[in-house]
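Novice: Model the full assembly from the supplied sequences, consistent with the hints where possible.
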Amino acid sequence: MKLEIKDLALSFDGKKILKDISLSVEEGEFLSLMGPNGSGKTTLLRCIMNYLTPEHGAVLVDMKSVHTMPDRELAQLFAVVPQTSQMDFEFTAYEMVMMGRTPHSRSRFSGLSKRDDEAVAEVMRCTNTWKFADREFSGLSGGERQRVIIARALAQEPKILLLDEPTVFLDITGQLEIMDLLRELNKGGLTIIAVMHDINLASRYCSKIALIHEGRIESHGKPEEVFTPENIVRIYDVDVIVRKDPLTNSVSVIPRNTSSISPMHGTRVHILCGGGSGGHLASDLIDAGYAPSAGVINVLDSDFELAKDLHVPVVTEIPFAQVSDDAYSQNQKMIRESEAVVVADFPVGPGNLRNLEAAMLALEWGKAVFVMNGDSIGDRDFVGGKAGKIVGDLIRKGAVTVNEKRELIALIGKKLGR
Amino acid sequence: MGKQAGSDDRFSRIRQRRVGMLLLLLDLLIVSVMLCVFIGYAGMSVSDPLIVQIIGAIRLPRVLLAGLVGAGLACAGMAMQAVFRNSMADPFIIGVSSGAAVGAAAIGMIGAGIGIGGILLSFTQPMFAFLGAIITVFAVYKLGTAKGKVHVDTLLLSGVAVAAFLGAMTSFMIFVANKQYDILAHWLLGSLQATNWIEVGITAFPVIIGILIIFYYGRDLNVLLLGEEAAHNLGGNPESLKKTMLAVAAIMTSVAVAFTGIIGFVGLMIPHMMRLVVGPDHRMLAPASVLGGASFLIWADALSRSVMMVPVGVVTALLGGPFFLFLLRRKKLRGDGE
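Listed in order, the protein sequences are those of chains S and G.
As numbered in the numbering used here, residues 947 to 1364 make up the first sequence, in order.
As numbered in the numbering used here, residues 195 to 532 make up the second sequence, in order.
Derived by calculation from the structure, the hints in this document are not laboratory data.
If you're wondering where the values come from, they're calculated on a predicted model, not measured in any experiment.
Careful: at least some of the hints might be erroneous.
[Claimed, not checked] Below, simulated SDA-like cross-link-like pairs (lysine to any residue); rule was C-alpha separation at most 25 Å, straight line: (1) Lys1077/S / Asp203/G; (2) Lys1343/S / Trp1311/S; (3) Lys962/S / Asp203/G; (4) Lys1313/S / His1166/S; (5) Lys336/G / Tyr997/S; (6) Lys341/G / Asn996/S; (7) Lys1105/S / Glu422/G; (8) Lys1351/S / Ile1341/S; (9) Lys343/G / Phe958/S; (10) Lys1060/S / Lys343/G; (11) Lys1010/S / Met1210/S.
Specialist: Following this line, the structure appears as structure tokens:
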């Protein structure tokens, strides 16, 4: 089985919604159609299911057009899970699922066959809805309802399952429940095409992504090929950082703060950090218009990863090594070029004690020095009190202690006249 | 997936029980017809020789018309609730009653002007009521449709707005034609008084055909409730189904109200009560609504002519108002419980 979409175009009220979309879906694929609101993804889904007829182009399944297929054949090929399924009437979950058998009965008056009863029981067991089969549909929770609707779709015995934002009204438990169920069904051989909004959920569960923007497919491929920072900023106009989800190794997208960006003035601020203590400070300084740099950080440190994603200049050291003379002098060079220095609240060991010593130099060179959470140094001192002593000296010699990020940005601004 | 715990008989048992309830409703209707022909203010004993004449010429047509109108309104109400996917819809929602009232009031006013009255009025009034209803429904339908697609929300609001407008027109015409007010008031309240066999005959044909059409689409109405995409996916044609149902329900109710006037709440209440008895599946619910609606209106009319001495529309409204509020409360309480 192979689904092919060829040069599909459609407009509403003279506005082009789909512009020559071509896409092919292989059997057993789990494809997510994604894109901003109004990009045309739901329209595309509706064309695939033949609910809408395109102006030109075709949807072919094994070279047969869905637009000329008899209703019953179509209903046994595709099953649809719509975005919302409200029900004002008191149908039980069982009766809802039984409606999925409609395309299988010979005439509208033929009674239910044993096969229908068995098919319903089977899909309700595999969607884990059998235990509340006799409960009223409208009294179920959102996740339970969605599972019943999926069971109803499965009762059609389709080859391809089409879903329009199946998780949109669900809490996180419900979302994972539905996506886990879809993955199980997909493993069993069912081809799935779903319109989705949550990038991280899609990249975790789907095998392919088609990114749609203004009626065109902008990118199509595996999640890691499609979800690049370049694609996302182009299509969603949001700066993101792309990482690997530590649990599943799937691509995970972290949006950058976009709400409070100040005009860029490029004042240099150097951050002494490591172990995840400084990356978020760099991000906030960028948002406030500064041009931060950082050092000395070991490669693969989480601060290193973030600095790289934020394009922050950084002095690096090889993983797990002590700060070398070379790195130390590069760090000093960056401090000289900066107007202020921030000492992040990193744990201090023999390997990075030199980062604290660099702060002493900065003070001597007349730079404004800010110490994050200086009071907590006792808990972070793994060099037998040496770190505590340096921090004490820093504060005595005029470094400012700060406990909060927002306070830090405000104090730097005041000190440097920004 | 094997057959753990068997494929379960409980669902087929429920279906059997519901079929049993349908048979019970059929029995109830037969008994109702037989009993109610003996109820009336003539208060005669069965041995009176006049009784046969009265039953044949007056009571039987009246009972049959009540049955037909009750069945038609209930079945059309059920269809409207499915089309609007809203259990609070009724067959008058698309303007039937307000349009019929304007038609009836118009002929009352014209009649007062040119001197139509008595027999002639009792003949022309149903015609005008029917025309008023059909024209109004068509207007509401046009207002609620865009590019050949029926938008049920717009349709609903159009119905409400048109009804309010026509209500004012009716009041104005009643005010102008105060001479004929008596006949009109009876009609507006809904009355089965002075029914004859001609009326039964004229009403029977469209109501029975309409009921059969709705029976035919029972399964499609179920699927329609899943939403248009899903209904389309399951092989139905929701757009043409909605149009067919609107047309059938409009004609049935227009005919039903033409002779009897506006008998409210039957079309809302009966489908609801029947859902409690046979469940929401339209293949069961449609026949149940027909049987239940017929029995209900036969008894309501019997009550109206014997005990309460008021038009039947008053009886149904007196029962229906509180019932509607009960449903609303029940729904609200259930909704909050979720």
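Novice: Are Lys1077/S and Asp203/G close enough, with their CA atoms no more than 25 Å apart?
Specialist: Holds. Lys1077/S to Asp203/G sits at ~15 Å (cutoff 25 Å).
Novice: Sort out whether Asn996/S lies within 25 Å of Lys341/G, counting only the CA atoms.
Specialist: Judged against 25 Å, a Cα distance of about 19 Å means the pair holds.
Novice: Do the alpha carbons of Lys1060/S and Lys343/G lie within 25 Å of each other, as the hint requires?
Specialist: violated, 38 Å
Novice: Between the alpha carbons of Lys343/G and Phe958/S, is the straight-line distance 25 Å or under?
Specialist: holds, 14 Å
Novice: Check whether the Cα positions of Lys1343/S and Trp1311/S lie no farther apart than 25 Å.
Specialist: holds, 12 Å
Novice: Does the structure keep Lys336/G and Tyr997/S at a Cα separation of 25 Å or less?
Specialist: holds, 23 Å
Novice: For a C-alpha distance cap of 25 Å, please report whether Lys962/S and Asp203/G respect it.
Specialist: violated, 53 Å
Novice: Does Lys1313/S pair with His1166/S here, judged by a C-alpha cut-off of 25 Å?
Specialist: violated, 50 Å
Novice: Mind checking the alpha carbons of Lys1010/S and Met1210/S for me, to see if they're no more than 25 Å apart?
Specialist: At roughly 56 Å apart (the allowed maximum being 25 Å), Met1210/S and Lys1010/S break the hint.
Novice: Just to be careful, I want the Cα atoms of Lys1105/S and Glu422/G compared with a cutoff of 25 Å; is the pair within it?
Specialist: holds, 21 Å
Novice: Run the distance test for Lys1351/S versus Ile1341/S: straight-line Cα separation, threshold 25 Å.
Specialist: holds, 18 Å
Checked against the numbered hints given earlier, the structure breaks hints 3, 4, 10 and 11 and satisfies all the rest.
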